[in-house]
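**Q** Chains B and U are the protein sequences, given in the same order.
Residue numbering for the first sequence follows the working numbering, starting at 1 and increasing by one per position.
Residue numbering for the second sequence follows the working numbering, starting at 1 and increasing by one per position.
Simulated from the structure, these hints should not be mistaken for laboratory data.
In this text, all values refer to a predicted model and were calculated from it rather than measured experimentally.
Heads up, some of the hints might be wrong.
Restraint ranges, calculated between C-beta atoms of paired labels, are given here [what the hints assert, rightly or not]:
#, chain 1, residue 1, chain 2, residue 2, range
1, B, L176, U, R14, 26 to 36 Å
2, U, R13, B, R327, 33 to 43 Å
3, B, L219, U, L54, 30 to 40 Å
C-beta: ideal position from N, C-alpha, C; glycine also.
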Amino acid sequence: MEGGASTARGPFVGRPAVGPRPLAAPRLPRGRAGLLKAASARTRTRRRLAERVAGAGLLAATTVSVLTTAGIIAVLAFETLAFFRAVPLRDFLTDTQWTPLFADKHFGIAVLAAGTFLTSAIALGVALPVGLLAAVFLSEIATPRIRQVLKPLLEVLAGVPTVVYGYFALLFVTPLLASFLPSISGFNALSAGLVMGVMIIPLVASLSEDALYAVPQSLRDGAYALGATRVQVSLRVVVPAALSGIVASFLLAVSRAVGETMIVAIAAGQSPRLTLNPLVPIETMTAYIVQVSLGDTPAGTLEFRTIFAVGMTLFLMTFALNALSHRLVARFRQRYE
Amino acid sequence: MTAADPASLARRRRADRAFQVLAFAATTVGVGVLGVLVWDVLGDGLPRLSWQFLTSYPSRRPAEAGIFAALVGSVWLLVLTAIFAFPIGVATAIYLEEYAPQGRLSSLLEINISNLAGVPSIIYGLLGLEVFVRVMRPLTGGRSVLAGALTMALLVMPIVIIASREAIRAVPESLRLGGYALGATRWQVTRGLVLPAALSGIFTGTLLALARAAGETAPLVTMGALTYVAFLPEPSLEGLRAPFTVLPIQIFNWISRPQPGFHVNAAAGIVVLLALLLAMNAVVIWLRARTESAKGR
């Protein structure tokens, strides 16, 4: 904007004459009056202009995130409406087959939703209890030293790319499961779900730990004074007191599981099937989007539009879960602050 | 908690002990799996890793295939993503922390950003496919590295914004007040005092966001990154409009093939990807340590 070189020395842009000794200068008997005089009318206009330009630029940048949300909703709504002009909403919700890529087309989202439900349920079966116990351990039991070591290690788990987890599920966990579950298929919901559960543990652990940590110490002290053991204090006092924060972390975990893509696309298969059997190949909503994207489906066709209809379903589900979770966290904060 | 007879006391102690062991075990489950995963990937992939693997293009024969195009593509994508996401993300954070009037509008903006952070990445892929690949084709050239970077920039923007806001909020209020007392304008205070103090935190957040982008696969698959790229993007504006591939996509492609030779390649590719992420995180740790020691002084 204005002279960039002088900013390096301080905040007074465009007025290098004042320099590094603005207040103590002996030639200015009235101290700050001299400083104010230096900001001549011209400088002041320039500063005001810079101020105006900066404010407008920052506001413009902020609108990008608003436009992103608007763009997501507009794109999904546009293609989804086009989809529902060809396929009745009733069929979409009640049909029990999903075969958009075959000659005999059926569009029952329940089939993909069942796949998503199955992998998510398995993942949450791992992530919720393990994550919560880990949170209790880190917040209530661990010494600061142990905590300092274990917490960053858990966070590394959250940084592993999902394609790596997919590799692990398909080529390590599935063969391992096959050694004692011989009927398991090469692609299955169990292996994908278990690995996804491990991926989500850090999310639950870290958010639940924040909630536990925020419980006032006086509650714990009170319970200990009554002779309670650590397990009693943790499970009967601290966890109930932090419940809304814990539930919020669970909801975010559900949302994450529902939206997770690569693990299920790699390890759970691409066979849409209305089943709750965790040992056979299935297809989740996200895996279907990947499957169509990998093929060369021309834009504007009904097959192409199905991925947006599926995407819209996914967006609405995760949006509802996230919104609910944020409300719970907000309520939780109010109670203890 | 009523009965205090010795038997009950012993029982409670045992239960307490058991619970602590269980909770500790739960905490180590994740770490244990991480260990097994790394050991498995290193065991499969490390023997395959060679100079040839790093400098070869993909091939139908697993033993001749390499990761060169994907590695260069990943670097391109990350640099471009940073160029788009960093200034806009930081500017948004500045606006929300230093400029926005407190009230309904600013809380709506905040809710919007936290919701964006929770949108599944594959949805960003659908957005990119429609907006950057189809509508803006004349500009982006379709399924190009430019379209991919724009999509990725939108995806990581909430992370950059949230991290930058935290860094800006951590700047002590006294610094701002001092600036205003000397007659500085809001922009002068922001640019001359707040930003320099928050910069290292902002860099840390941006690097973490880029690490996330480096591992993302789903949105790029959805918007149509190629899986077979036997050339490098030209270092020119035209090169921005060229098709591309990145490490996770190449790994995904190799995993999806039936031949075990490609699975070994996938493992070697994962080793390269994890090394890249490790390097980025090492920089983050170094930055944090530097900031902390600077604060200590």
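**Q** Quick check: which numbered hints come out false for this structure?
**A** Result: hint 3 breaks, nothing else.
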